[in-house]
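Asker: Using the numbering used here, you'd call the opening residue of the sequence shown number 841 and step up by one each time.
Simulated from the structure, these hints should not be mistaken for lab results.
Remember, it's a predicted structure, so these values are computed and weren't measured experimentally.
A virtual CB, placed ideally from N, CA and C, is assigned to each residue, including glycine.
Treat the hints with care, since some could be wrong.
Stated by the list, open to error - Straight-line Cα separation of at most 27 Å, BS3-like style, residue types lysine-lysine; simulated pairs:
1) 923 to 950
2) 907 to 950
3) 974 to 985
4) 950 to 920
5) 964 to 950
6) 985 to 907
7) 920 to 903
8) 908 to 923
9) 908 to 950
10) 950 to 985
11) 920 to 974
12) 923 to 907
Claimed, not checked - Derived DEER-like restraints, expressed as beta-carbon distance ranges:
13) 920 to 985: 31 to 41 Å
14) 976 to 907: 30 to 40 Å
15) 959 to 990: 32 to 42 Å
16) 991 to 919: 16 to 26 Å
17) 962 to 989: 28 to 38 Å
18) 968 to 910: 13 to 23 Å
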Amino acid sequence: MSDLTHTARRTVLTIGAAALTGGAITACGGGGAEKASPGEPNDAAVQPVAPAPATPDAGAGDKTLTKKADVPVGGGKVFKEEKVVVTQPKAGTFKCFTAVCPHQGCLVNKVANGTIDCPCHDSKFAIADGAVTKGPATKGLAEKKITVAADGNISLA
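Work the whole structure out from these sequences, hints included.
Answerer: This is how it looks when you write it as structure tokens:
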């Protein structure tokens with residue numbers, strides 16, 4: 841074999857090995873995101889949602905979310921499209937919070953046993969003030985302003 845062919849072949853093999861090694865390292869990397877523990881959904885199964893638009897009139901005041909009678913005392917109701925959750929911690933007291941979990945941006949999916957629950961990593965938030973009652977989330981749900989009309993309609997303020 842000529843010296844030139846031997847050098848070219850060695851260069852090609854070296855570059856190929858480097859490319860394969862780099863690809864394997866990239867595939868094994870976590871990208872800095874938290875890992876789900878066994879039995880928890882992965883990112884492909886439960887996708888985080890984008891935050892609700894910050895425009896002042898995005899659904900504000902002109903659309904009824906629900907009626908007072910539809911929000912159980914000690915419970916609440918999630919509105920996926922509006923990305924909010926309305927709760928009634930005690931009779932006649934209504935609260936509204938963002939439905940986007942601050943942990944990784946997933947949408948909360950239910951209100952049960954006095955908490956607002958996130959399905960991604962099982963964070964739970966108090967229905968009275970949105971505070972974290974069970975992590976991994978470290979920040980509570982942000983409160984949203986609502987209007988409770990005399991006719992019982994609840995809408996975003």
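Asker: Hint by hint, say whether it matches the structure.
Answerer: Now the hints, each set against the structure:
A threshold of 27 Å between alpha carbons decides the hint, and for residue 923 with residue 950 the separation of about 12 Å falls inside it, so the pair holds. Our distance criterion of 27 Å between C-alpha atoms is met by residue 907 and residue 950, whose separation comes to about 18 Å. Proposed proximity of residue 974 and residue 985 is supported: the alpha carbons are some 24 Å apart, at most 27 Å. Between residue 950 and residue 920 the CA atoms are separated by roughly 10 Å; this keeps the pair inside 27 Å, and the hint holds.
A threshold of 27 Å between alpha carbons decides the hint, and for residue 964 with residue 950 the separation of about 10 Å falls inside it, so the pair holds. Of the supplied pair hints, the one linking residue 985 and residue 907 holds, its CA atoms being roughly 16 Å apart against a limit of 27 Å. At most 27 Å may separate the alpha-carbon atoms for a hinted pair to count; residue 920 and residue 903 meet this at roughly 14 Å. A hinted pair counts as satisfied when its Cα atoms are at most 27 Å apart, and residue 908 with residue 923 qualifies at roughly 18 Å.
For the given pair, residue 908 sits about 18 Å from residue 950 by alpha-carbon distance, which is consistent with the 27 Å threshold. Proposed proximity of residue 950 and residue 985 is supported: the alpha carbons are some 20 Å apart, at most 27 Å. Between residue 920 and residue 974, the direct Cα distance comes to roughly 22 Å. Compliance with the 27 Å bound is thereby established for this hinted pair. Only pairs whose Cα atoms come within 27 Å are accepted, and residue 923 paired with residue 907 is accepted, the gap being roughly 17 Å.
Roughly 19 Å separates the CB atoms of residue 920 and residue 985, a value that falls outside the hinted 31 to 41 Å. Checked against the hint of 30 to 40 Å, the pair residue 976 and residue 907 passes, with Cβ atoms roughly 34 Å apart. Distance hint check for residue 959 and residue 990: the Cβ-Cβ separation is about 36 Å, which falls inside the suggested range of 32 to 42 Å. Between residue 991 and residue 919 the Cβ separation comes to about 19 Å, which falls inside the hinted range of 16 to 26 Å.
For residue 962 and residue 989, the hinted distance range of 28 to 38 Å is satisfied, since their beta carbons lie about 35 Å from each other. For residue 968 and residue 910, the Cβ-Cβ distance of about 19 Å falls inside the hinted range of 13 to 23 Å, so the restraint holds.
In the structure shown, a violation is registered for the earlier hint numbered 13 alone.
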